[in-house]
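Residue numbers (our numbering), protein chains in the order written: chain A, 1 to 453; chain B, 1 to 453.
No lab work stands behind these hints, which were simulated from the structure alone. Misleading hints may appear alongside valid ones.
All copies of an identical chain are treated as equivalent in the list; a pair is satisfied when it fits inside any one copy or across any two copies.
As the list claims (entries may be wrong) - Heads up, simulated PhoX-like pairs for lysine-lysine below, C-alpha to C-alpha not over 25 angstroms straight-line:
| # | residue 1 | residue 2 |
| --- | --- | --- |
| 1 | 199 | 166 |
| 2 | 389 | 138 |
| 3 | 392 | 101 |
| 4 | 199 | 303 |
| 5 | 101 | 389 |
| 6 | 392 | 418 |
There are 2 protein chains.
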Amino acid sequence: MSKPTPLSGFPEFLPEQRVVELQVIERLGRTFELHGFANVETRAVEPMDQLLRKGETSKEVYVLRRLQAEGDVDADSAAQFGLHFDLTVPFARYVLENAGKLEFPFRRYQIQKAWRGERPQEGRFREFTQADIDVVAKDELPFHFDVEVARVMAEALSALPLPPLKLRVNNRKLIQGFYAGLGAPDPSAVIRIIDKLDKLPADKVGELLVSEGGLSEDQASRCLQLAEISAADSSFVEQVRVLGVEDDLLETGLAELAAVVEGCRSLNGDRFSVEASLSLARGLDYYTGTVFEIHMEGFEFLKSVGGGGRYDALASDGRTTYPGVGISFGISRTLVPLIHRGLLGSDRKVPSVVMVALADEESRPHSDVVAQRLRARGVPTEVAAAPQKFGKQIRYAERRGIPFVWFPGGDGGADQVKDIRSGEQVDADADAWTPPAEDLVPRIITHTQEELS
Amino acid sequence: MSKPTPLSGFPEFLPEQRVVELQVIERLGRTFELHGFANVETRAVEPMDQLLRKGETSKEVYVLRRLQAEGDVDADSAAQFGLHFDLTVPFARYVLENAGKLEFPFRRYQIQKAWRGERPQEGRFREFTQADIDVVAKDELPFHFDVEVARVMAEALSALPLPPLKLRVNNRKLIQGFYAGLGAPDPSAVIRIIDKLDKLPADKVGELLVSEGGLSEDQASRCLQLAEISAADSSFVEQVRVLGVEDDLLETGLAELAAVVEGCRSLNGDRFSVEASLSLARGLDYYTGTVFEIHMEGFEFLKSVGGGGRYDALASDGRTTYPGVGISFGISRTLVPLIHRGLLGSDRKVPSVVMVALADEESRPHSDVVAQRLRARGVPTEVAAAPQKFGKQIRYAERRGIPFVWFPGGDGGADQVKDIRSGEQVDADADAWTPPAEDLVPRIITHTQEELS
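Start from the sequences, fold in the hints, and give me the full structure.
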């Protein structure tokens, strides 16, 4: 077999890069669990009729076929299955399937791969990992859960070693109420047109609001003014009021959006911020209130790196409706570009903190015992692969990023441990010595684009 | 949408069951990392030509096709991809692809799903999770790594909350040397016939050894005697010597097998044992020395729940050969039957240790602050969903298995926390109170089959 080449759209990491992804997944999971979110993992496949319900993504599905079913497609039930393209469709199915066994309101997080048969491009993959949190209830889901999922995701994101992330929030009731109160003949049409603001200049969108949205020049202008409003706190409410539109749904939307933004405010900082962003619509029809989008500073070309919102009918079996609110965060979407550009990495190719040196092959059992004593106290340790000269063994550790080399003492002499970064070497007891806490797991290393250029 | 039904062969867990799987994965990973094994995750798909190299599984592969490529299969490159059916084929490809960037000997662990289009049956799934450890080197891999992977997997398995597991070990050099030293015309044919001992009675296998293996009655009898030998220590060596066969390869095999069994001996106990088992052959041609198989007591119908061995050519690019040794453990294979029979579970449907009660909706911000103070010290906490009567709120916690309910004090009164299992209620400070360590994460609960019947 000749050397294989990477598969476009199916990113993989080297061990020292995978460390970053593992730590990100671990930190996200820890925060979600601190807030009582239970982990769920769903199978990779769903029946095709489930996957095709979201019209716009139907073409991106990978369909499964058993090889032995070749030429006999109809007889093979697997022909009706495809790989899931997100974690929302499988979760909605899971909720319906297990409704009798779940306790509602049900908080769940899910960190899994999904697949889309898209043309791969940077930040768009055919296989990718994402982290979703959702709260789903039976019949009714109180609004305070919108604030909760926003705050939980905000807390989780603010702990990640990434460029500054921004959680943009808006509310469909707010914009729909505004357009209705303004007298727009078709508020949904206005939403669709306003949604083009990230692709078209404002004056062009203004023209469309008149020609296609059926608005007057003044109405169109006020819609554009609304879309320009953004704020890191509830001060946006006053800015909206200045536009002079009155509507009950608008009022509900303003109050809800203010609650979400204020609920996340304490998490605003250098690495994370929340913003009421009144141009945000998220085209998808099923959002009915709060909508979210996550952006990463300096990586605007990725567009959003996450999103979500409130859907009053996440799932329904005809009799019972299950409303939900949730946010999805793109782990591959953010990590792959950062890691492949060298902006994010770790200082170690192996988990080992210590490598126990080997005087000769005969003393391997002794080195093994030393290693096992260190492991017994939670210190990841490996033994040198071969009894080379100590200088070579140290370089072996160095190449892997292992910070400490341990020299078992011979003939009653004390063991010694050497920090190969500083060169410092001291007597040590394998039953007592502990590395500095910050050396216990590989360290994440970040660079800015400026540093590398 | 009507209520969906489970998909045969694609097992899923309820949240309180998933907890068990998560903890098993976490414990395995922790042990592997303590021994310096680095985590790797490979993409789910491989080119079909890679997947079809292992002849016997070729029919079980799920082939991927993009939905939009319908009727245009040849033009779609994804038509050449399938889901991996194990973690060895992808790992071999990963090693070749990244050989220049990896440090050898390379210890890696991988815990991922794999897929096979088999007829589903109990313990055989179409989608399943497995945990693999392997050490791979360039050109040469010293034998001591055989002992190491056995010991690492033994240590990992002995820490799992499962029925007793047995690691059976044998060595291809030992049996091949024995058959050759015995004068068998075709030692490989003897291996294939002896391998049928788990399906056929010994006398029938003896007949085949004569009729198809070309052995004399006496030779056949000694082969059967060899296959009967098993031991928890190196005492098997003497039992083999009694059979009076002499051969250099046999000697090497005996020494290697003794080293592996002795290396794991300290881990023998109630829940785990290692056994030299001289009938074990593992049909696969690529094993060249040590072979492993894992069995679970009381679940013999599952056959093996893991296996592996030494392959002197895990991967090769034509110039360089990468020998490896590894063991794979079936997480779904063991957990799904245990969990679905009620033999294994957890005591909580949510990660929350504490539920903060809610006096009325107005005091939600106060309850939120209490919860956040507990979380700040690592205590998973949720706030009651609605300000029902306290009795109802306690039952809400009870249904989820949350052990503690927290009552925020009003008007200067102290907070109180109630252990709803014992009923004990005490004054508590959210900045200081900590639950007992054993309540911090959900507890695994095991039952024996006798208890349930």
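Hint check results:
no.	hint	verdict
1	199 - 166	within (20 angstroms within a copy, 62 angstroms between copies)
2	389 - 138	between (68 angstroms within a copy, 20 angstroms between copies)
3	392 - 101	between (59 angstroms within a copy, 19 angstroms between copies)
4	199 - 303	within (11 angstroms within a copy, 59 angstroms between copies)
5	101 - 389	between (62 angstroms within a copy, 24 angstroms between copies)
6	392 - 418	within (14 angstroms within a copy, 60 angstroms between copies)
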